[in-house]
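Peer 1: For reference, the chains in residue letters:
There are 2 protein chains.
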Amino acid sequence: MTTKKQVKSDLQIAQEAKMKPIKDIAAQLSVLEEELEPYGHYKGKLSLDIMERLKDQKDGKVILVTAINPTPAGEGKSTVTVGLAQALQQLNEKAIIAMREPSLGPVMGIKGGAAGGGYAQVVPMEDINLHFTGDLHAITTANNALSAIIDNHIHQGNELGIDTRKVTWKRVVDLNDRALRQVVVGLGGPVQGVPREDGFDITVASEIMAIFCLATSVQDLKKRLARIVVGYTYQNEPVTVADLNSEGALTLLLKDAIKPNLVQTLEHTPALIHGGPFANIAHGCNSVIATKMAAKLGDYVVTEAGFGADLGAEKFLNIKARMADIKPEAVVLVATVRALKMHGGVPKTELSKENIEALQEGMKNLEKHIETIRAFGVPCVVAVNRFVTDSTGEIETIMSWCEENSVKVALTEVWEKGGAGGIDLAKELLQIMKTEESNFAPIYDLSATVEEKVETIAKVVYGASGVDFSPKAHKQIAQFEQYGWSYLPICMAKTQYSLSDDQELLGRPENFRITIREFKPSIGAGFLVALTGSIMTMPGLPKKPAALNMDVDENGQAVGIF
Amino acid sequence: MTTKKQVKSDLQIAQEAKMKPIKDIAAQLSVLEEELEPYGHYKGKLSLDIMERLKDQKDGKVILVTAINPTPAGEGKSTVTVGLAQALQQLNEKAIIAMREPSLGPVMGIKGGAAGGGYAQVVPMEDINLHFTGDLHAITTANNALSAIIDNHIHQGNELGIDTRKVTWKRVVDLNDRALRQVVVGLGGPVQGVPREDGFDITVASEIMAIFCLATSVQDLKKRLARIVVGYTYQNEPVTVADLNSEGALTLLLKDAIKPNLVQTLEHTPALIHGGPFANIAHGCNSVIATKMAAKLGDYVVTEAGFGADLGAEKFLNIKARMADIKPEAVVLVATVRALKMHGGVPKTELSKENIEALQEGMKNLEKHIETIRAFGVPCVVAVNRFVTDSTGEIETIMSWCEENSVKVALTEVWEKGGAGGIDLAKELLQIMKTEESNFAPIYDLSATVEEKVETIAKVVYGASGVDFSPKAHKQIAQFEQYGWSYLPICMAKTQYSLSDDQELLGRPENFRITIREFKPSIGAGFLVALTGSIMTMPGLPKKPAALNMDVDENGQAVGIF
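Protein sequence lines correspond, in order, to chains A and B. Okay, so the first sequence: first residue is 43 according to our numbering, each after it adds one. Okay, so the second sequence: first residue is 43 according to our numbering, each after it adds one.
In case anyone wonders, no lab produced these hints; they're calculated from the structure. Some hints could be false.
Unchecked claim - Heads up, simulated DSS-like pairs for lysine-lysine below, C-alpha to C-alpha not over 25 Å straight-line:
{"#": "1", "chain 1": "B", "residue 1": "Lys459", "chain 2": "B", "residue 2": "Lys50"}
{"#": "2", "chain 1": "A", "residue 1": "Lys586", "chain 2": "B", "residue 2": "Lys208"}
{"#": "3", "chain 1": "B", "residue 1": "Lys65", "chain 2": "A", "residue 2": "Lys60"}
{"#": "4", "chain 1": "B", "residue 1": "Lys208", "chain 2": "A", "residue 2": "Lys585"}
{"#": "5", "chain 1": "B", "residue 1": "Lys338", "chain 2": "B", "residue 2": "Lys208"}
{"#": "6", "chain 1": "A", "residue 1": "Lys514", "chain 2": "A", "residue 2": "Lys501"}
{"#": "7", "chain 1": "A", "residue 1": "Lys100", "chain 2": "A", "residue 2": "Lys476"}
{"#": "8", "chain 1": "A", "residue 1": "Lys265", "chain 2": "B", "residue 2": "Lys586"}
{"#": "9", "chain 1": "A", "residue 1": "Lys65", "chain 2": "B", "residue 2": "Lys338"}
{"#": "10", "chain 1": "B", "residue 1": "Lys265", "chain 2": "A", "residue 2": "Lys65"}
{"#": "11", "chain 1": "A", "residue 1": "Lys65", "chain 2": "B", "residue 2": "Lys60"}
{"#": "12", "chain 1": "B", "residue 1": "Lys585", "chain 2": "A", "residue 2": "Lys208"}
{"#": "13", "chain 1": "B", "residue 1": "Lys586", "chain 2": "A", "residue 2": "Lys208"}
{"#": "14", "chain 1": "A", "residue 1": "Lys469", "chain 2": "A", "residue 2": "Lys459"}
{"#": "15", "chain 1": "B", "residue 1": "Lys265", "chain 2": "A", "residue 2": "Lys586"}
{"#": "16", "chain 1": "B", "residue 1": "Lys65", "chain 2": "A", "residue 2": "Lys62"}
Please model the entire structure based on the sequences and the hints provided.
Peer 2: Printed below as a string of structure tokens:
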């Protein structure tokens with residue numbers, strides 16, 4: 043059963059793993075030798091030529107792993123994603139993982155590693171959590187090269203007439219650095235540039251990361267980069283990267299990063315780990331290129347999306363799957379007894395005690411997400427990720443509720459047992475994909491108005507009774523109409539902790555309205571971000587950052603990453 | 043003869059090259075399979091285990107390539123470095139290059155690529171000039187992680203009592219970004235941190251880059267990082283990385299970057315390209331680890347140092363060679379007829395016309411550098427890098443001057459002919475190393491006072507009549523005494539264009555004094571930077587940055603990098 047009482051840390055388990063050379067993992071996928079660019083012995087990038095070579099091959103089935111609204115109790119969505127693929131492989135199915143790559147900021151800050159956990163991890167864990175193959179550094183560099191080009195344009199005469207008060211493009215670092223949230227740049231007199239207010243986001247919040255993850259090819263990447271709006275002129279006209287002639291240089295900086303990264307799980311299941319945009323101001327899914335390549339290389343692609351189903355799955359289905367023409371065959375909805383009890387009102391300190399009543403109340407959160415997945419027409423199975431503290435009565439409560447409501451369900455213990463702990467889930471899933479057809483369709487049309495699109499998401503996915511738009515949001519919608527941006531899908535930025543926009547309302551809130559304060563257009567990525575509150579795009583470090591425990595020992599081994 | 047009239051660009055020549063797989067280049071050096079970490083098919087990192095395995099093996103001979111004071115006419119120091127190694131290999135000698143890795147900032151800004159030129163290049167040229175194996179990104183990240191930790195420490199209560207007005211540690215980006223030279227961070231109220239003045243340098247100006255290049259092992263790297271002084275307390279006591287408990291995390295961020303990068307020349311000569319600190323506020327040489335590893339793997343190591351001999355060679359010999367216990371066997375001093383004529387007073391537009399008189403005047407610059415190299419006790423050969431515009435009379439003038447003054451000299455045409463154009467130089471060099479013994483010794487003792495050390499460099503290397511220290515510099519010297527830093531070597535920050543500290547004084551100026559305005563202690567790197575004027579540590583972009591011509595074509599090939 044899933045527990046963190048084990049003596050071994052994730053890092054220890056990962057470092058003790060006997061990995062296969064990456065060329066063997068690639069061979070397992072019938073990747074040609076020249077299509078694998080090794081990065082060390084256990085990581086590699088896959089050539090985009092694979093897509094051309096396999097263009098006539100039937101795609102594998104895409105399975106999306108999502109979860110209930112996250113709580114401090116943890117759900118283990120990434121761990122289930124990895125464990126499920128390991129289980130499918132144990133059943134002799136050709137499974138492949140398509141996951142997001144972690145950001146260094148949180149690794150150095152609070153949470154340590156982010157590559158699954160226990161015996162359901164992708165490895166080499168410390169490489170993946172540190173610089174990996176440099177994708178995030180390439181994105182950081184492209185983002186900041188654009189900033190330098192903008193400020194240089196302004197400094198060198200500002201031919202385009204960019205209003206320095208309306209530059210919306212921010213700089214980024216892949217770190218948690220609160221002091222950079224609001225800065226003034228260009229100080230020091232006429233030789234040093236033009237002073238203006240600016241700010242730094244964490245790299246994963248960059249629109250370039252979102253573009254990187256939605257691009258379908260290098261040429262599509264370039265087109266999207268060209269469309270980025272970096273700010274507005276004195277006449278309030280949008281200024282794009284194309285206006286600055288810079289899409290070529292930005293594409294060049296990303297030309298290697300755009301190739302998916304191949305690694306393996308502790309059980310040698312192939313995993314493509316590529317791209318990782320924020321799940322609030324962006325869509326929170328790994329790259330389209332990796333997902334589509336995984337579908338060419340495997341029979342079953344296990345992928346995940348950020349936060350709970352109200353954010354991650356909604357965006358996967360309405361934005362990514364729509365744009366990239368991906369048809370998900372099934373959705374796995376991860377829940378834990380502990381997290382459901384929190385949704386039922388139990389405080390974190392009391393989670394080890396049996397509480398059937400709270401569990402039943404909390405299961406309304408799960409119920410809402412099941413309804414949502416069904417609204418998209420995709421078959422769904424609930425994965426209950428077990429902990430030692432779960433009582434038989436509690437497990438029984440979930441199982442019988444699922445049976446009464448014709449919901450497919452399976453218990454998993456992948457943290458402790460690896461793939462073996464996910465066999466039931468894998469079997470259930472294979473059965474569902476054999477018997478239930480996916481009738482996937484996005485829940486709104488792009489031709490609907492911006493208001494209608496937001497309202498559909500709020501009502502169908504969150505269970506809200508309606509949406510209020512601020513005067514500013516109304517004004518922006520009119521502007522979008524004028525600029526020709528109204529046809530874009532909506533990317534909701536909302537608290538991940540609640541179905542509503544109030545993070546205190548756990549479980550399944552009712553009779554609430556959603557407020558859209560303002561929009562942030564991401565024209566290169568191709569969506570309009572609708573902000574329900576203030577969204578943190580640059581985290582801070584805690585009093586004792588995780589970094590202070592990190593080290594390299596005498597043998598050159600990493601220490602202190604989780 | 044060397045000319046840029048050829049139709050093919052450096053990038054074209056590089057892209058047409060038939061490279062050998064990097065594993066073959068490694069095998070050529072008897073590197074074991076597990077000691078090579080491939081990064082793609084044509085780049086790799088070499089394990090530091092090689093140093094342990096070969097610790098009893100005799101070191102190869104180290105040859106330093108330096109030059110006269112640079113002029114806008116260009117000298118081709120990197121090109122000669124590459125061409126010389128190619129020539130040695132053509133003579134069946136086991137030669138290996140140890141060079142600096144380029145910074146992205148200048149590549150995107152003005153100068154395009156930096157990996158040799160013509161038929162004397164290291165390849166894959168575009169990879170080396172873009173992200174390469176991510177070393178600079180790792181250094182950027184480590185530098186900025188330290189900044190985030192400093193500002194977080196101040197924000198979280200400032201236990202160490204850091205005076206926010208005396209934080210000397212700056213942030214970095216690997217870009218030319220003038221708007222970041224002077225900034226204010228921490229704005230936005232109490233939740234966003236503590237406002238203070240800050241600035242960004244280009245990554246190669248980071249002290250971490252200097253440390254990276256002087257470290258002899260991972261453990262030495264950690265020790266040096268721990269010693270970095272990031273600022274001062276309200277009581278004016280230095281605050282170090284060790285005080286912030288962060289040397290482990292910074293070392294972890296650099297643990298892969300510290301491994302030397304293996305690539306090849308157009309003629310498959312092995313090249314270690316690793317580290318590249320600024321040649322003004324740092325010592326301007328590639329990494330000690332790469333140089334020492336090259337000496338274990340090859341019989342002849344061809345390495346270079348930044349700018350002219352007054353800066354690059356002086357620092358290579360007084361700082362790097364001393365710290366790392368490297369004994370250079372010979373120095374190659376690169377000059378061109380065109381550049382010598384500029385030193386003799388000819389404007390850039392008139393360089394194609396024969397002008398023996400100006401050449402003779404300009405050769406005094408060359409003469410001074412020859413004297414300098416002799417002062418260090420190292421045998422020296424002049425390499426005259428030919429251009430089509432050089433007249434027979436001009437070449438004759440140099441050759442006969444060298445003969446009269448017992449100076450060894452050879453003509454090179456490596457840009458046009460590759461190694462074949464460097465055979466004469468290679469033969470001359472082999473002859474010198476057979477017949478002349480190197481009696482290398484630094485020109486000052488570390489036990490001398492700070493003033494004495496600066497004066498020795500100014501008099502012996504620059505030909506100055508003396509040194510003036512500003513009141514601020516005097517005050518700092520007294521402080522260094524108090525902090526125990528006086529024993530450190532001096533790293534001069536001076537214009538590269540003149541032997542003096544006035545960039546207008548070309549040729550061989552006489553009767554001048556050097557002024558030290560202030561010092562910048564780099565305690566982690568282990569030297570005191572003596573600043574003679576304002577040193578640019580963050581370049582700006584020109585009106586039309588090179589980036590605007592860069593692109594990726596339909597075949598995924600880089601376009602526009604030189």
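Peer 1: Hints first: check each against the structure and report whether it holds.
Peer 2: Going through the hints against the structure:
With a C-alpha separation of about 14 Å, the suggested pair B:Lys459 and B:Lys50 falls inside the 25 Å cut-off, and the hint holds. Annotation: proposed proximity of A:Lys586 to B:Lys208 holds, straight-line Cα distance about 23 Å (limit 25 Å). Under the criterion of a C-alpha separation no larger than 25 Å, the hint pairing B:Lys65 with A:Lys60 is consistent with the structure, at around 23 Å. Among the hinted pairs, B:Lys208 with A:Lys585 is consistent with the structure: their alpha-carbon atoms are about 22 Å apart, no more than 25 Å.
Between B:Lys338 and B:Lys208, the direct Cα distance comes to roughly 44 Å. Violation of the 25 Å bound is thereby established for this hinted pair. At roughly 22 Å between alpha-carbon atoms, A:Lys514 and A:Lys501 fall within 25 Å of each other, so this suggested pair holds. With a C-alpha separation of about 17 Å, the suggested pair A:Lys100 and A:Lys476 falls inside the 25 Å cut-off, and the hint holds. With a C-alpha separation of about 22 Å, the suggested pair A:Lys265 and B:Lys586 falls inside the 25 Å cut-off, and the hint holds.
Under the criterion of a C-alpha separation no larger than 25 Å, the hint pairing A:Lys65 with B:Lys338 is inconsistent with the structure, at around 30 Å. Our distance criterion of 25 Å between C-alpha atoms is broken by B:Lys265 and A:Lys65, whose separation comes to about 37 Å. Taking the CA atoms of A:Lys65 and B:Lys60, the gap is about 23 Å. The hint holds against a cut of 25 Å. Under the criterion of a C-alpha separation no larger than 25 Å, the hint pairing B:Lys585 with A:Lys208 is consistent with the structure, at around 22 Å.
The hinted pair formed by B:Lys586 and A:Lys208 meets the criterion: a straight-line CA distance of about 23 Å does not exceed 25 Å. Pair hint A:Lys469 plus A:Lys459 holds up; C-alpha atoms about 16 Å apart against a cutoff of 25 Å. The hinted pair formed by B:Lys265 and A:Lys586 meets the criterion: a straight-line CA distance of about 22 Å does not exceed 25 Å. For the hint linking B:Lys65 to A:Lys62, the alpha-carbon distance of about 19 Å falls within 25 Å, and the restraint holds.
Consistency with the previously given hints fails for numbers 5, 9 and 10, ordered from lowest to highest.
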